Every structure is written in C-alpha cells, then in structure tokens.
Amino acid sequence: MSNNDTHSRRRVLKGAGVTGAAGMMALAGCLTGDEDDENTLEVLHGWTGGDGAEAEEALFAAFEEEHPDIDLDDQAIGGGGNENLDQTVATRFNSDNPPGSFAGWPGANLEQYDGVLGDIESEVWDEADLADAHVEEAVEACQFDGGYSAVPIGSHRMNDLFYNVEVLEDAGVDPDSLDDIDALIDALDTVDSETDATPLAMSLEAWAILQTWAVVMLSTQGYDAYMDFIAGDGDEDAVRETFETLEEILDNYINDDAASVGFTEVNQDIMGGDAAFIHEGNWVAGAYINNEDIEYGEEWDAIRYPGTEDMYGLHIDSFIYPGDNPAPEETATFLRFAGGETAQVEFNQYKGSIPTREGVPTEEFNEYLTETIEDFETASEKPPTLAHGLAVDQSTQSSLEEVLNNNFADPFDVDDATEGFMNAV
Amino acid sequence: MKRLVAILRAIRNKRRIRTDGGTTDERSTVKRWLDSDFLQSAPFWGPPLILMGLFVYGAIGWNFLLSLTDYSGFGGPDYTNLGLQNYSRMVQDPAIWEATWNTVVLLVVFTIACLALGLVLAILLDREIRFGRAFRTIYLLPFALSFIVTAQFWRWMYNVNDGIVNQFIGLFGLGPYNWLGDPRLVLGSVIFALVWQFSGYTMVIYLAALRSIPTEQYEAARVDGAGTFRMYWRVIVPQLRPAIVSATVVLVLFALKAFDFLYAVFDGYRPRQGADILATKMMREGFNNSEWAYSSAIGLTLFILSLAVIAPYLYTQYKRGNL
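First to last, the sequence lines map onto chains A and B.
Under my numbering, the first residue of the first sequence carries the number 1, and numbering increases by one thereafter.
Under my numbering, the first residue of the second sequence carries the number 1, and numbering increases by one thereafter.
Simulated from the structure, these hints should not be mistaken for lab results.
Be aware that one or more of the hints could be misleading.
Here are the in silico distance ranges between beta carbons for each label pair [said to hold, decoys possible]:
| # | chain 1 | residue 1 | chain 2 | residue 2 | range |
| --- | --- | --- | --- | --- | --- |
| 1 | B | Asn161 | A | Glu419 | 28 to 36 Å |
| 2 | A | Asn290 | B | Phe131 | 36 to 44 Å |
| 3 | B | Met52 | A | Glu244 | 55 to 63 Å |
| 4 | A | Thr48 | B | Ala59 | 51 to 59 Å |
| 5 | A | Asn290 | B | Ile164 | 16 to 24 Å |
| 6 | B | Gly170 | A | Ala53 | 53 to 61 Å |
Non-contacting residues of chain B with respect to chain A, defined by C-beta distances greater than 12 Å in every case (computed) [unchecked claim]:
| # | residue |
| --- | --- |
| 7 | Ser88 |
| 8 | Ile169 |
| 9 | Phe172 |
| 10 | Arg272 |
| 11 | Trp292 |
For clarity, every value in this text was computed on a predicted model and none was experimentally measured.
From the three backbone atoms N, C-alpha and C, an ideal C-beta is built for every residue, glycine too.
Input sequences plus hints: build the corresponding full structure.
Structure follows, in structure tokens:
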C-alpha cells in the first residue's frame, strides 16, 4: 500500500468522524428547537381508559368545536393512578417547560407547586364570572397564593357505599336500614354467614385504605373530629377508635387477595356478584354505567356510607394553570370553557362525577348522577377528601399513606398506625 | 482553508536531511502535538467522550451536587449553601435502613441463588441429554422477556385465590399464602421470580465456559477415578471462575436495578411493606414528595453501592490486562 493511499484513507475517515460529530450537534439542536409550537395549547391529563377516556374525549371535542382556531394538543399520560402524570408534570416544571395546563387536584395539593403556578383571577375567574357560578368549596379549593390557579371540572363523591343488589337480597340484608357503622358491621357479618360472596370488596393499596379510613372517621367520630384532624388538631382517641373500627372490618370481612389487587379488579367482584359491598369514590359508578349487563337499581345500587347520610364527601378534579405559561391566552380560553356549562356537562356525564357548577341542566345525566347532584346541593357538610389532595398537602398525604402501608395493610397495628397518623398531620 | 492546509503541509515537510542519511525533526512541541495520533484520532473518540462525559459522568456529578443542596418543590436548587444534611437525614431515617437491608438481602440471596441454579442447569445440559437444545432455549427464554411482562405474569401466578402457585401447593394441602401481600413472604416471592428470570442467563454463561474446557480433562479425571460430583467439584468448577465473576457482576447490577420489576408488580413506587428497596424509596422521595435533594442523596448511595461491586472487578480485570 502506498503512502498516498494511507493518507487519503485517513482523510476520508477523519472527514467521516467530523461529519458524525457535526451530525450529532445538529441533531441535538433539532431536539431543542421547537419555536413554531408557541401557540399550541398543550393539556396533560391521566384519563387514558374507560369512563375517563370517554369523558376527556367529549370535553376536548366540545372545546375544539367551540374554538376551532386554537391548536389543541391534549396528552393522556396514564398508569399508576396519577403517578406517571405527576411525574411528567414535575419533570416539565423542573426543566422550565410547563404545559399550558394539566389535570390535578386543587386544594392543599396545589401547595407542592408553590412558586411555579400562575394567577388567572382576572383572565379566567372574573371574566367568565366563575366564582358566582361554582359551589363555594370548589371556588375556595382553586384559590392559591392570594389568587386563583385552577378551575374545577367536576366532583366525585367519596362517601358512597356501592352494593350488588342480588347478593344483599340473598343474604337478607336491607341496605336502607343501615344507619350507623354497627349496623354495617352486622350486615357484613350476615353476608359472610349467609352467602359465599365477599362481604366487602377492598384493595389494600395505601390510598384506598386512607379513603376508607376517612369515611369511617366521619361515620364514627363525626364531621368536627375529622376537620380537627386534618387541621392538625386531631384527638388521639378519635383516631385510635377509627383504627379499631377499621381493623374490625378489614380483618374479618374483606377479600383474601386484598393486599395484592387494585380497586378495578375488586370492583369486578361487585359487578360479577362475588362481593356484596364496596366503598370507593363514585368513579366506580362510571364502570357500572358503562357495563351494559347491569342496571342501576336492578343489579347495582348505592347508599351513603352509614353514619354520613347528611354529608357529601368532597373530591374535586381541576385543571391547573402553570405560570411561565407557553400559551397564556389559549390556556385562559380553555379554562374559561372548562368552568362553563357545556364542558361541565360533556365531561361529567361520562366520568361518573358531577359538575361543581351550580344550576347545570341535568337531562344528560343518568338517574344515579342526578340524585348525586341533588344530594350535593342539599348536603349539610362537605368534608374534603383526605386521600385526594383536598384536605392535606402532598407530602402529608404521602406520609399518611406510608404509615398505612407499613402498619395497617394486613397485619393491622392500631397502636403504631395511630401514633403515625398523629405525627404525620 | 486551502492556505491553512498549505501551511500545515509546509510545517510537516520542514525536515532536514541528516548526515547519516535520515531526517532530523525540528518541529516545535505544538506542531508535534498537532501531528500526533492523539489529536488526529480525536474525531473518533471525541464525540463519544463528550456525550458520555456530559450525560453519564456529568449527570452523576450534578446529582452529587444536588444532594448537597436543600432542593425540594419546584423553585430550583440553591447552590450557595451546600452541606451533608441529606446524608445525615438518611442515617436517621428508619425507612432508609429498612430499604437498604432489603436491597442487600435481595442482592445477596438473588445472586447466590442464580449462580447455584444456573450451575446446576448448565451441568445437566452439558451432559448431552436428549432435547438439550430445546431445554436451553426454554431456560433462557424468561431472560428475553421484559420485567414489565414477567412481573405481570407473577402477579397473576401469586394471586391468593386463583393464582397457579397456590393452586399447585394446594394439591399438597398447603396454603393458600398471600405471596405478595404478607410482609414476611413478599421479599422472598420477589426474589424467587427474579431468580426464575435470571438463572437461564447464568446457565448460558456457565455452559459457554464448560464447553471451552477440553474433553481430555474430563477423561483424565475419570481415569484417575473421580466420580461425577468429585470431577465437577475438583476439576471443572474451579475453571469456571472467570465466568462466575462476570456473571456475579451482571447479576448484582440487575439486583440493584430491580426497580422496574417492583414497579410493575406493585403498580407504583410503593411496594408492600417488606419489599421496599432503595430504588423505589428514591423514586417516592423524588416524584411523590418532590424532595429532589434527598432523592439525589439516596440515588448517589445506590450508585456507590454499585460502584463497590463493580470497582474490584474492573480493577482485577485491569491488572490482568483485560481492559
């Protein structure tokens, strides 16, 4: 091989190397530059399947129909409850690249986003006159840092106890006669002895135990004791008694596989007639409504959790507004729309939730949701949910879940759990 | 550009004929450096070095820096006031100790079980049994599947009521056990599933090493009167040391990263009590609680644990001239 050959080959290789390096730089440049998307309205949410997907499709379709000029990019990020959505939102905030808006709980949950949320009091709340249109609790929950940082889209009820009609008939239990927790425990016992069905379908995921703990506390200790607890002024005896009652229920009347299944799996047992009761937020109603084989009042039904008949256990979903917004005007348009009548009807009729906006026509809603809307208006108290961001901030909620996961998810340790709860809030 | 090339060429050609017929090199240090292999090969090793440096080592360094701040929430880190408070917080956090203990148990039991089971499988297959190839494929197959898939399998199989594991042991009058729900069983159940997935991999490593041992040695051992067990134990297994070492390193690193398996089995960052490891704890602190600095400190601890495993291996390999 001649010297010249070596040189030319080396030069070719060198050129290839340089081209490669330049190519990588160019690629890196391409990945960061998306200047053209400035006016795209990006909305992140976690509604990927079932009732949630149907609801968000209806909502965004209605928005696009009303505002065809706005370029909407709605992205469903599902999985792990809202875990993946929250993670994506956190990453986006940390890289100073927030979306236009994202779905999340208002209330104390907003505190974790301190410093990165924007104020939409004048552009959204005042302009669309939302404060007068929505229920007081929802208005308060969306306030943050002296202004407003979210718009409520709907509310789930947290104190419904759903049941399979046939199983209760077989057991000879009259659901309407259950007026306190003792009556409920007797009923669970009757189901256990009279039928093969699981008395109470339950998932021992930490958040599921937490929401049931909250409703048992409301039932046995009352609204004031609950509100004192979430304010950090809880009575230790009240907390302990709640745990003792809950232990009696969880230790005796739930499914064997509760520690390793999710709520969607146990909800199948209600629909299939393998379990009598389930306590869940009324998102499970979305699954019943979408199941053509079962009818409200015929195969499934619901009562208020015994002892909480006058209350509406409050849960709120909302769209949150990041400051440093990539599309402030488009987002404001969307949020005004979300707080309006059309959006609240379109979304909630499929979601199994109800509008937080008052006086919304109920023709589109089924019988169960219409009754829930009536209850919502007449409820004497609306205790905020402990397991979904309204009552306590994210890190407190996470500590409570940690306590339950470590001390009260079979085996059940009342002492440690009580101590943990008293320390956490 | 043309001028530059001409100048470089002139510099390169500035050599004088020496009296003995060779050439003298009078170029300056800079020019010699410009002409060196080191610089001329830069376009090849440069880009990977920059990318690795930035995205791997730079990220680790930045992570360490973050762990010294008090960064939480979304305000952005403050680098002016650095300290080791997150590390002292870790020492005082009982949940960290529990997660560390579980991580170590997982690591040790999983690695030893995989090595032992893989060895047994490899020796059996090495005996030229019928359908040996088919068995090899069957044993290796789980390794080809993603953690997310196998975790879902095991979630079903471990189900208390309908799971095949309880159905099977029920035939012998045992159980049912709450494999993934009982804090006393959950870590063992997870380790068992991981061993199932990875023992095929160790088997293949061993098998390759076994096949490279000359047949004469087996024959010599036989002639000297060694039984099968004695032959493997005294003659064959000692020669598998390099295979054992490299398999161990890979297994330990996989054990440290068992996060995705746990995430899929427990459908989130919060495994059942008794199965929390440092990786899941790290994710919870970061993405559930927005405790970024604390999460970074846990991450760095995990990194140091991995380093403690891999560093001695790299060092011995380097000593032997394998790197």
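Exercise for the section: Mind checking the hinted window 55 to 63 Å against the Cβ distance between Met52 of chain B and Glu244 of chain A? Expected result: holds, 58 Å
Problem - Beyond 12 Å from each Cβ of chain A, as asserted for Ser88 of chain B - result: Holds, because the least Cβ-Cβ distance between Ser88 of chain B and chain A comes to about 19 Å, which exceeds 12 Å.
Problem - Cβ distance range 51 to 59 Å for Thr48 of chain A and Ala59 of chain B, holds or violated - result: Since the Cβ atoms of Thr48 of chain A and Ala59 of chain B sit about 30 Å apart, the hinted range of 51 to 59 Å is violated.
Exercise for the section: Determine whether the Cβ-Cβ distance between Asn290 of chain A and Phe131 of chain B falls within the hinted range of 36 to 44 Å. Expected result: Distance hint for Asn290 of chain A, Phe131 of chain B is violated at roughly 49 Å.
Practice task
Please test the hint of 16 to 24 Å on the beta carbon pair from Asn290 of chain A and Ile164 of chain B.
Solution key: Given a distance of about 31 Å, which is not inside 16 to 24 Å, the answer is violated.
Practice task
Quick one: work out the minimum CB distance from Trp292 of chain B to chain A and report holds if it exceeds 12 Å, violated otherwise.
Solution key: violated, 8 Å
Exercise for the section: Determine whether the non-interface label on Arg272 of chain B survives the test: each CB of chain A must be over 12 Å from its CB. Expected result: Violated, because the least Cβ-Cβ distance between Arg272 of chain B and chain A comes to about 7 Å, which does not exceed 12 Å.
Handout entry: Supplied distance hint 28 to 36 Å, evaluated on CB atoms of Asn161 of chain B and Glu419 of chain A
Key = holds, 33 Å
Problem - Distal placement of Phe172 of chain B relative to chain A, Cβ over 12 Å - result: Given a closest Cβ separation of 19 Å, the condition holds.
Practice task
Check the following: the C-beta atoms of Gly170 of chain B and Ala53 of chain A are separated by a distance inside 53 to 61 Å.
Solution key: violated, 39 Å
Handout entry: Least C-beta distance from Ile169 of chain B to chain A larger than 12 Å
Key = holds, 15 Å
Of the numbered hints given earlier, the model fails hints 2, 4, 5, 6, 10 and 11; all others are met.
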